[in-house]
Amino acid sequence: MASQELPGRDSSAVAPRAEAGGRERERIDHDASLGSFARRRHRKLAVAALTTVAIALLPLVIHDVYLQNIIVLTLMYAALSQSWNILGGYCGQISLGHAIYFGIGAYVSTLLFVHAGLTPWLGMLIGGVFAALVALALGYPFFRLRGHYFTIATIVVAETGLLLMLNWDFAGGAQGIQIPYGPDSWAHLQFARDKLPYVYFALGFALLTWLVTFLIEDSRWGYWWRAVKDNAEAAESLGVVVFRSKMAAAALSAFFTAIGGSFYAAFVSYIDPDSVMGFQLSLLIALPAVLGGIGTLWGPALGALVLIPLTELTRSYFGGSGNGLDLIIYGVLIMVIALARPEGLTSLFGRTRKARATPQARANPEARANP
Amino acid sequence: MNRREIILGGASTAAVLGTTGLHAQQPAEVLIGAVYQMSGASAQVGVDAQHAFDTALDVINNVHDLDLPLAKTAGLPGLGGAKVRVIVADHQGDPQKGRAEAERLITREKVAALIGSYQSAVAVTISQTAERYQVPFISADNSSPSLHRQGLKFYFRAGAHDEMFSKAMFDFFDALRQKGHKIETLALFHEDTIFGTDSANAQQKLAEERGYKIVTNIKYRANSPSLTAEVQQLKSADADVLMPSSYTTDGILLVKTMGELGYRPKAMVAQDAGFSEKALYDAVGDKIEGVISRASFSLDLAAKRPSVGKINELFKARSGKDLNDLTSREFMGLLILADGIDRAKSTDGEKIREALAATDIPGERTIMPWKRVKFGPDGQNLDADPVLLQWVGGKFVTIFPQSAAIAEAKWPMNT
Amino acid sequence: MTLQSLAQILASGLLMGLIYALIAAGLSLIFGLMDVVNFAHGEFLMLAMYATFGIFAATALDPVLATPIVVGAMFVLGAFVYLAVIRYAMRAKANIGMVQVFATFGLGITIRGLAQHFFTPDYRSIQTSWLAGHTLDLAGIFLPVPQLFGAVLSCLSFVALFFVIRRTDFGRALEATREDAGAVALVGIDKNRVFALGWGLGAALVGIAGSVMAIFFYIHPDVGSSFALIAYVTVALGGFGSIFGALAAGLLVGLVEAISATVLSPSMKAIGIYAVYLVVVFMRPRGLFGNL
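Keeping their order, the protein sequence lines are chains P, E and U. For the first sequence, our numbering assigns the number 1 to the initial residue and increments by one for each residue that follows. For the second sequence, our numbering assigns the number 1 to the initial residue and increments by one for each residue that follows. For the third sequence, our numbering assigns the number 1 to the initial residue and increments by one for each residue that follows.
Simulated from the structure, these hints should not be mistaken for lab results. These figures come from a predicted structure and were not determined experimentally. Built from N, CA and C at the ideal position, the CB exists for glycine as well. Among the clues, some could well be false.
As the list claims (entries may be wrong) - Within a straight-line C-alpha distance of at most 20 Å, the following computed SDA-like cross-link-like pairs (lysine to any residue) qualify:
#1 K345(E) / L31(E)
#2 K287(E) / G133(U)
#3 K153(E) / A192(P)
#4 K287(E) / D137(U)
Said to hold, decoys possible - Quick list of the computed label-pair ranges, beta carbon to beta carbon:
#5 V53(P) / D378(E): 18 to 28 Å
#6 K287(E) / Q280(P): 28 to 38 Å
#7 L10(U) / G180(E): 37 to 47 Å
#8 K278(E) / V53(P): 54 to 64 Å
Please model the entire structure based on the sequences and the hints provided.
Structure below.
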């Protein structure tokens, strides 16, 4: 739905309007039959609960640490992308600089742990709040920018953060910070070989971000954000406080992304600027949501489920050859999903969504580019 | 993955069938995991490392008439002639991925030991993982001194680290001073990575201790699109010695930019990395005739250690390149590791660790200019004497220390 | 700092700036035509550098003479990329902005992988050419000839680009198609043909940059990423879709980079560029010359 932010001057502009039309209908649906709406919400909750239980039971079958590592990463990126989705998907503000919040989370909790002995549980909350404050401070000037100007501003700020961390000697500079090797401990979130605690933490994190998204989807904020995304000017004229709702989305999104950063630091027990603040990371945070379905409840999780295991396995089993095969597979996959499933992988499942899109497309042959 | 497992399974079954008749209890194959960057900016290093390992495996697994550990026998005699195989994994320069690959190699592929990793940041997570799983890690080509100070038991480094390398440079300066050359001022030029900052920190410390003045200390962003302003600052400072710590890409750009801005440094003493890569000299060699680089290796060592020339031929047949500072250490690292496994007579991590800790290989039985290989309690080999090489007439000649030198240094490089 | 070294820094900054502008021009043209930011732009640059190197290695043809061949090849490549990939990205009924970003991003990774596969990750460079190694010395201010050549080509390219857009039928078709793709179909202009030509032209421009840079820069599969971010910032700074903006912003970026490397620390010189970008877009949310 970035197209709202990147106003198309050709036929492509038809598509978002079609989307908006669909939403309208959804809203009418919603008013007309609150009962069925509530049932749908209950069903979503039930699916989430079942999925959570299934994943929680998975380590009973999969003992292999390598596979468990992939599970942790998949859940972590699902949660991160879900956090990104709050701002990028629901609010339509495409950020490719979320690595800065991730890095803030990683550095704040690690510095507090290494220098002050503070448990990462508290450290990650402090990091999250700090990241949210940074997001608010940045949001104040940034939300005046539209489309690519906004996106490039987010990239530029994250890159600035990266350069500052590389040159800040107290925080380890390029050497990074190593979390000292100690006995297994839940308080320190440190486990030498055991991956299970990390699986459960990441699962809890993913569930939390999902629940938050689930709740706000149906809240006043959720409606505001969609209004902002669909048409900022109209939303303003209707009295929606566009600016404040964007700020809230940014703060929430940054808070959870920073939690992910703190978790990553505890999980890997070593951080350096390039691995927790690099541009690649910003892309990886956004990518699952984009591939799975931007602005959807299940998109980020679905995208992460496809993307992370595939990239991990191709790297492990093709990367060692040094002939670029892993890159080719990764690149082609992204391209193919983006082209074949522009609405994301969730559209494979969503009956309502499809039903909505088709008549619009039929009514507007121009919406499809010339054959 | 499945197909691969089937193929692997088939291969090891065949290997088992081939040897079970004689050595039923012995492993048919000893696996060693190598973690390198195989894609991205430093993929070249990983691909070259693979050739170095293949050369080492040739020496270990086949009979060669060379005075090197395990050369004269086929396979590991201590393990009933078991062959060694290396599995290469790609860490993409990312510490998290390096850790994941190390874990995979240890738990799934059941490697007996690890070797790696070029990038020091990745070596941190690999060495920690190795410690947690009690599997030895040979840090073949990492030079960051912070690595052996982590207090790890399973970490071993046969080569020198940046402080040892830098010390050799300053010993060289001191020697030149005694001969009456004027060396007062230094200019440091280093990239903003672990390698660059560690190197610069060591050089800064030594300069203070020995009374050299650092007139400019430039930290630059690795892989910058332009180094013009940086070189302009170096030119204005015009120190007696320019000391770059750069990888190949930035090294090429640095030298080209110096030429473009008409800066001819009086002397250049480089912290290896890019300045030991053939690619750099192919690109700009004629512009820096007389540049000096620290190294762990030099081809002219062949005069004193005959195996050097033969190993270089084996390596060149595979890669089309001469052995360099990195590939020689990778080759030697694998040989030392295999020697440890052979003496341990086991693939058990703790036993290999003990055997490695007891390693004592005289320098003559290596292809390196080292006095010997003997690890300290922190896993660092203190006898890994570095050498200084000078690029003269299209090749490197060893100029320092006196014991290894085959020629006098040409100093200064430009007048 | 002496006056001379200040002049040197400014001169070098301007020369580099013209090359940044040339790299950014193709990106800006494609965006202006169809609202697509090509995230594989750095990889296009890398391919052009490899093409120049390949021609040099195979036939010893000097990069200066190889430039037209490389530019032609890049034109074909650009048109092909449009027809094979971007055309389909334009059909997306939803999320069109993100689809285009990630389709081109995926394309970029694929190209990098292919380059590593076919060219190996070895570092390459062109060792001898007519221009390499020559430097003009103007009263102590050094102007390297390859960069000067690049700067001249950059200026010529911008003049030619203005001419093509303002004075030729093709330019008018571009202009009309970007105004209203539906309407041009009525007057018999094939939208896809115009877009394909636009992509070809965009890639050809980066082809010029690549063939000049092959003379003075190293070449390897990842080389494009060093320039990609600067190119995006340059285009946005000048204003998306504005060719003149790309030129002005390129010069500004080159100057700011050179100055902030001197004033700030060299490792933080990019922060100077980023700061200028942020200040400009806060004051002018459409960049310096953006009219979108």
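| Do the Cβ positions of V53(P) and D378(E) conform to the proposed distance bound of 18 to 28 Å? | Violated - the Cβ-Cβ distance for V53(P) and D378(E), about 47 Å, lies outside 18 to 28 Å.
| Would the pair K345(E) and L31(E) pass a check requiring their Cα atoms to be no farther apart than 20 Å? | Given pair K345(E), L31(E) holds - Cα atoms ~14 Å apart, limit 20 Å.
| Is 37 to 47 Å right for how far apart the beta carbons of L10(U) and G180(E) are? | 41 Å, holds
| query | Do the alpha carbons of K287(E) and G133(U) lie within 20 Å of each other, as the hint requires? | reply | The hint holds at about 9 Å.
| CA of K287(E) to CA of D137(U), is that 20 Å or under? | 18 Å, holds
| request: Given the range 54 to 64 Å, decide if the beta-carbon distance of K278(E) to V53(P) lies inside it. | output: Taking Cβ atoms as reference, K278(E) and V53(P) lie about 58 Å apart, which means the hint holds.
| Between K287(E) and Q280(P), does the C-beta distance stay in 28 to 38 Å? | 34 Å, holds
| Given hint A192(P) paired with K153(E) - CA-CA distance at most 20 Å | Holds - the C-alpha atoms of A192(P) and K153(E) are around 15 Å apart, at most 20 Å.
Violated hint: 5 only; the structure is consistent with all others.
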